[in-house]
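*Asks:* Residue numbers (the working numbering), protein chains in the order written: chain A, -15 to 302; chain B, 8 to 419; chain C, 128 to 543.
Rather than coming from a laboratory, the hints here were simulated on the basis of the structure. Honestly, I wouldn't trust all of these hints.
With a straight-line Cα cutoff of 30 Å, these simulated DSSO-like cross-link-like pairs (lysine-lysine) come out [what the hints assert, rightly or not]:
| hint | chain 1 | residue 1 | chain 2 | residue 2 |
| --- | --- | --- | --- | --- |
| 1 | B | LYS35 | C | LYS293 |
| 2 | C | LYS293 | B | LYS344 |
| 3 | B | LYS35 | B | LYS257 |
| 4 | A | LYS258 | B | LYS180 |
| 5 | B | LYS150 | B | LYS123 |
| 6 | B | LYS415 | A | LYS258 |
| 7 | B | LYS193 | A | LYS258 |
| 8 | B | LYS150 | C | LYS241 |
| 9 | B | LYS398 | B | LYS310 |
| 10 | B | LYS332 | A | LYS258 |
| 11 | B | LYS404 | B | LYS181 |
| 12 | A | LYS258 | B | LYS206 |
| 13 | B | LYS150 | A | LYS258 |
| 14 | C | LYS293 | B | LYS417 |
| 15 | C | LYS293 | B | LYS132 |
| 16 | B | LYS124 | C | LYS293 |
Owing to the predicted nature of the structure, the values given are computational and were not obtained by experimental measurement.
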Amino acid sequence: MDLFIINVIDGLIYGLLLFMLSSGLTLIFSMMGVLNLSHAAFYMLGAYLAYQISVYTGFWVGLIVAPILVTILGAAVERYGLRRVHQYGHVPELIFTFGLFFVIEELVQYIWGRSMVNYNSPESLDFIAFNLAGGSIPAYKVFMLLVSVGIFLALYYVLARTRVGMIIQAALSYPKTVEALGHNVPLVFMGVFGVGTGLAGLAGVIAGPSLTTFPGMAFLLGSIVFVCVVVGGLGSLFGAFVASLLIGWLQTFAASYNIGAADILIAFGYEYPKDVYYHPWRDLWTLTLPQIGPILPYILLILVLVFRPNGLFGKRET
Amino acid sequence: MKLFNKIASFVLATGVFFSSSVFADTIKIAFIDPLSGPFATTGTIGLAEWKYAVEKLVNEKGGVLGGKKMEVVALDNKMDGKESLVQVQVAIDQGIRFIAQGNSSGIANAITDMVKKHNKRNPDKQVIFLNYSAVDPALTNDKCQFWHFRFDANADIKMDVITDVIAGESGIKKMYLIGQDYSFGKAVAAAAEKYLAQKTSIEIVGNELHPIGRVKDFTPYARKILASGADAVITGNWGADMVNLGRSLKESGFDGPVYCYYCATAGITRTFGETGKGMLNIVGEGKLNPMNPALEAYNKGLKAKYPEADMSQPRITNAVQMVAKAINEAGSATDMKAIAYALEGMEFENELLQTKVVMRTSDHQAIQDVHVGMHTDDVDIDFDNSGYGIKMYKTVKMASMDSPTTCKMKRP
Amino acid sequence: MQKSVFTSALPWIFAAAILIVLPFIFTGGGSITIMNQIGITIVLAMSYNMLLGQGGMLSFGHAVYMGIGGFVAVHVMNIVENEYLWLPLPFLPLVGGLVGLGFATIVGSFSTRKAGTVFAMISLGIGELIAACCIIITVFFGGEEGISGDRTMAPPTFGIEFISQKEVYFLIAFWVLLSIFVMYLFTQTPVGKMANAVRDNPERAEFVGYSQRWVRYVSFCGAGFFAGVAGALFAINYEILTEQNLNTVMSFQVLLATYIGGVGFFLGPVFGAILFTILQTVIGLQTDLWALYTGIVFVLMVMFLPTGLTGLFAMHLIPLQLGRLGMLIKPYAKIFVPGLAFVVGAIALIELINHVRHHAEEQFMTLFWIEFDTTSFLPWALFLIMVAVGFYVSRAFAKEVAEAWGEATFVEGERR
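Make a model of the complete structure from these sequences and hints.
*Replies:* And the structure:
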């Protein structure tokens, strides 16, 4: 039971981190109709920029400056790249963001080298916040949790209470009407893309010290973010939130419990083979939940897309 | 097509690579490992070690066969199986007869298979595969073959040594095994199970494999390890999987030792820094710390020439010198059969490392001293220029010398 | 106008002649190895183009069909070796193709319901799923070390045992030509033609009486078949299949290769496959930054040349037909020099910085067959000037090119 509670907390922290990425992604999609495949690359960029800044000025400056830099970069990508490709149609847009992923990933390796960098949490957060069930929750994880919740509240406020938020919200359900009202000015596009990528950058900044800043970090997290927004329903912020938490918990719990296929098979009355390593069904007999944990989100993705193409909470055709 | 012809024939025929010096009459070793992409750091360090060893230990000492120089030709396999085979073929087409590779047992497997077939089909262009780092035991057991030589201690041998150390630690009652879900990870787990049962009464409280390179957050694994009440952890993880596992363990409050294979250099030592102190125990060949004067000079030279490299794989100095010796003994750099027979069973005294190496005849596995060390800042030779390094505290002389092998070597 | 059989067969005879002659022209070390790789990539990229170019379906998991076809091909190779089955090697690609087809039939039944983002995401999910299964199901996929076989153990075909690379080359060349031919025939069928219509306007296509889903499904299965053929060719050439043959990285590479060649044209992927393989294998020997260059070329292409390499050639057919190609020569020649200076200068700068940061131990470096001292001021200044001047001048000339282009393609009375 104790392990259960601690897993709930870990899964929540991870899920909220995913939400920070998926919220930006879904915002961009709802405004511009394009799934930004390079989203995770901006996440990586955020982490590396924050690392570089933290070398000179410490963690806290990086926390503020790096996401701003990523936002500016993201806006520039929209202004000088995406806007140009937009005229060619939908698939080239997707392909452009896909190519961008590679370029950013390679550029990061070109600038910061190919081994992991030593980006660490600030010393002021290097203590254990509290102990639970023999495990400890470091203060930095609590800080991650607070930042994520803060971002969630801020997003909620902007979307629900401000004029810009109204326009974006309207675009979620009636993109054509909003366009007709003359709101889809390029500036809003640029702004949304910038803020969306900036959120990814921020996620990178706070995840970098905890999940390690290394060249493969974008690739590792890349496709899981798409799973979050697609499962939640493209364009649905609430859906992204629910799906992110769901996947956060799914992965955490799948990794936590060593339930094996053998246990289930034995429960069904099958006999454990004597020399399992040479058994024709050896892969099934030795299969455990943690082994398949990372692919569970993809199974979920396919199932959702096949049976509910709009996602759990999506209203729009993708 | 014309352009292609020009580029292809130019590049491939002349073999101009990064090195500016091209000797027409050198004995070339093709170094095939990742030099681009996320795994390039390990490959680049390995290349520096090979180049420096060839330069310092062979060429500056007068070369082989009375004056011939050796040369390392770098070919990038991008950590990809297919690319590796393409590059091996490119190397063979250029007339290179020695293939050196080490990163990833999967790739080593593909190469050894290809080399075996190639040598059978082209008896006039045979090549020798110098495996300097891939440690899957199968390579010198079920999948062994005459043209493959392994210079690193394999996963079984290393585990034999690790468990010797663990058996002496009275505080360890419960052990957790965790590794990446592939042949090497499985080999480590199997060896650990076997030796722990043989030598100790330690209870294995967890034995699990996680998907390789796909786990984003190791916290749940760390929680599980903690909850199991384990006193120590054995892992074969490398790269980001190693760092993330170690960090998560520390963050979650685990304070026991972690016994590992690949928890040093290529950025790992630097990233662990203070965190790794008292936690990481690494097994490996080549005693770096405390060191001897010859080694100090050698390391200084390496660092001066390649500031980003480390002497992380001392076995490379064995491989280079043993190949040179075999060529001299065979009296030819092209009679690969004679060279392979010279390497087989060779006993070599490495002055630099002050140790003896034997290339076991039965399976072409190098038998050498294997050490266990700890991650600390109290070192003479550090890694990643971080001030931290590995200090050896336990040595097993000629580890696993009489270990059994299932190899049934077919000799030409 | 009825074309005679001979005229329509001429290009194919010509292509066959080129394929036969090639290995005797490129005798340089390693060329055959690279040509074999190019051949396999051509079949794969062409099959991918059935999806993306002709059907408008963006797939992130196309390598899966190649991989599964290849894995089965290796298993069949091993069965043949153990003499449970009699199958000459040249027929193996057919086996791979049928397996690819079979798998595509299953996946396509639910993934082709929609095009666009839904299709792309399902393909990504399937790709990740199968790649992960590869590691878990070791009985079939052999874990991360994969499954290997021996092609020479198959019964000899006309006395050929496929021992040498050259013999394998001819086998691959035969299948490349055959596959392209069959894929060409497919584009000439009603369904093949409807695929384009569905890509461009699914609703109108439905009005003609074709179910867009059915058309996509057929294209998808066809693409699966030829991907499987490519997989079997891979199995024959390399005699080993691993997880890396069907993971997402491989799928991404197919997309890159196809797109660079030009997705709108039937033969576009052929050029893409050639260029990509050269970038990867030949340029990869020259610089460890090959992936960076590939990425930049790709993104620039999407931005400025969405029709790909082939599109660049095809664009010039209009002035050629109008007899105005000559008008373009002068502005092209003018922009070529500063443009080249810019590109060369930029690459040189990138390489120089990389060299100084990571290979500083060697004071001298060789670039474009010229050796120079990296510590001296001169190369830096030279490259910087090349980049700056090249950029400035070519931008000025670009206007001229655009004007000339407009003039050369201007048709009286046509609105644009």
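*Asks:* Could you check the structure against the hints above and give me the numbers of any it violates, in ascending order?
*Replies:* 3, 8 and 10
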